[in-house]
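K.L.:
We have chain A; now place chain B onto it with these hints.
In case you want the letters, here they are:
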Amino acid sequence: MNAAEPIIQIKSINKYFGSFKALDNVSLDVEVGEKVVVLGPSGSGKSTLLRTINRLETISSGTIIVDGHDLYDPGEDINTIRMELGMVFQSFNLFKHKTVLENLTLAPIKLKKMDKSRAEELAYGLLDKVGIRDRADHYPVQLSGGQQQRVAIARALAMEPKIMLFDEPTSALDPEMIGEVLEVMVTLAKEGMTMVVVTHEMGFAREVADQVVFMDEGAIIEQASPDVFFDHPAHARTRLFLEQIL
Amino acid sequence: MTEQKRIEIGDGAVIPDPEDKGLISAWWIALIGTISLLIILPLVKPDPYARILAFVPDGILVTFKVTIASISLALVIGLLTGLGRLSKNRFINLIASLYVEVVRGIPLLVQLFYIYFALGRIVRVPDIVAAVIAMAFCYGAYMGEVFRAGIKSIDFGQTEAAMSLGFNARQTMAYVVLPQAWRTILPPVGNEFIALLKDTSLVSILAVADILRRGREYASESFNYFETYTMIALIYLLITLILSRLISSMEYRLSHYERR
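Residue numbers (the working numbering), protein chains in the order written: chain A, 1 to 246; chain B, 247 to 506.
Hints in this document: simulated from the structure, not taken from any laboratory.
Don't take every hint at face value.
Straight-line alpha carbon distances no greater than 30 Å define the calculated DSS-like cross-link-like pairs of lysine-lysine that follow [as the list claims (entries may be wrong)]: (1) A:21 to B:311; (2) A:112 to B:334; (3) B:334 to A:98; (4) B:444 to B:311; (5) A:190 to A:162.
Pulled out of the complex, with its shape left as it was, chain B reads as follows:
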């Protein structure tokens, strides 16, 4: 097995590594604990726990929609930014680098407000669209760095071999470099996906009815703040636990050509 290069970005959840026994046990304990609480609490005290559980799930779908739309757009922006940052064309390189610098220097919440209101001055778009654009704009910059690192991690000999056969730069990237880079990129992209899912809770401020927004609505009517936020925290935790495991197994399957 060749030594693999990994990019560590620590703002998502911990992605379980099949080799890491300690993390796997922690993952199981957290999962069982979360599910147990989500079942036991509503059974023992239906009011308010069962009510909360009935009220909030509408928001889960919204959270997923925002997450998936944002990550898709962010991946496209990220790929272009990553390629731009590696471009020999100075102008393209400068634009991409400037974008990354600016976005990384501004808190996500400030960007959300800014894009939401700036966009509102030009066109009237639904809140959820403004939220997605803002999230993607921010995460595209981080994703750009992930793509850049992933592409750079591929041995230049692969590029030279492709070029020597007659592939042009674009074909070399598409057929040889990116399919291999994807392997290196997936763990941090998965991590960003989970981080993004958690950060979508910020869009609740923009009147988008995600999980947190639904919770706030319930709490402000019932005054059961503690119980509501307990359930919300558990729902987020359950989602990220499942996702981190899914990404880990996907990563394992993608590495098939590295196993003897």
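In isolation and in its complexed conformation, chain A is listed as follows:
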């Protein structure tokens, strides 16, 4: 693969739910190491767009290429591609029947055939990183929302993905827990991870994003660096959104 080529290439995709157009001719490139933050009112299609990148949501037309693999090429194995894409959900979705440690080791052991001790070593390292090593033997239900989301980030990282997708990772959290999750995400960004983040956290977008993408009614309205986006938005729709949210 050409190193200069974007790691994610979304080319004029459309998506319909019945007759409702959820994604309207969306194109977006993400470079290696780039952080893209997707903003927009609810129902604007931003989560749908994010979920098309690992094919949790299928598209009606267009092309998506991730790390050189066409997601809709019948010759490609979607499960192999998904191993390169970590995903963090709004509702955490930790495996409820597994301990924190087992949540992190399940996929590496089963999918990468990593031996248990190696997987646990890796898992403990990641739990250290997200500051939750002391809860390794707890079950998800025993953790706070913020702790669960940090474990969910560590679980995705355990597969050593090239890209991390975040689908409103702080929207289900109590306000006092948002900071601890954002902190982990900022650390990850500083380490050079390629990230696509759907969020309502404007502070995070300003601090971390290389590109801010604003969506409305399934289409990308504006795409700019955070400085330009927040201080000199080009579109009236963007200005209205920023006024409402800030």
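P.N.:
Just chain B, lined up with the frame of chain A:
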């Protein structure tokens, strides 16, 4: 503690819930009463009660064999049927649904006769094997609905999380969904187990020497119908009382990850 989803199917025995004080007392009264009668009656009137008690137990083993073989087979059929009913493949879905519809519409006794004689036309199998196949065929359909409901009760986010890590559909089912669904499925499966155990009394008609068959044999020789069926009813009751308690404690242990 998260609100748990339960599937209620009322054809087994009542599974005691540790929280339900009324049922627990009822369970103890029934158990003590049953055991007392099973001890006192033969002591007070050895003929015929002690004789019945000596004659019938051969059938207990047969009843257990038929029950365990049938439930095992029914669980396999049920899992396949449940997965089939949830399948996106229309053909598989149709076959599974058709099976459930047909089986649920025919009385168990009619199915028993039908499979027994239909099978007898093709291959000569021992009566007990025919009985097990018939029971499993019937209960597999009910079990299929239990599995389907249990699998559907698991939050789809669990499936999405597994898929996002790279698990395929089969691995997602095996490592993430079924281990959690089992928790929801166990109470109704336990219930079906007890219902099946009771329904095995029907196989006595097919010359399988279960508890009831042994009782009928004894009664037809001794003409002690009332005494014999009293003892048989007590034996069935004792078994189901013990089983319902066992299943209840198993259910409690399986829920360990839901407790804070």
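K.L.:
All hints, please: hold or fail.
P.N.:
Against the structure, the hints come out as follows:
no. : hint           : result
1   : A:21 to B:311  : violated, 59 Å
2   : A:112 to B:334 : holds, 28 Å
3   : B:334 to A:98  : holds, 28 Å
4   : B:444 to B:311 : holds, 13 Å
5   : A:190 to A:162 : holds, 14 Å
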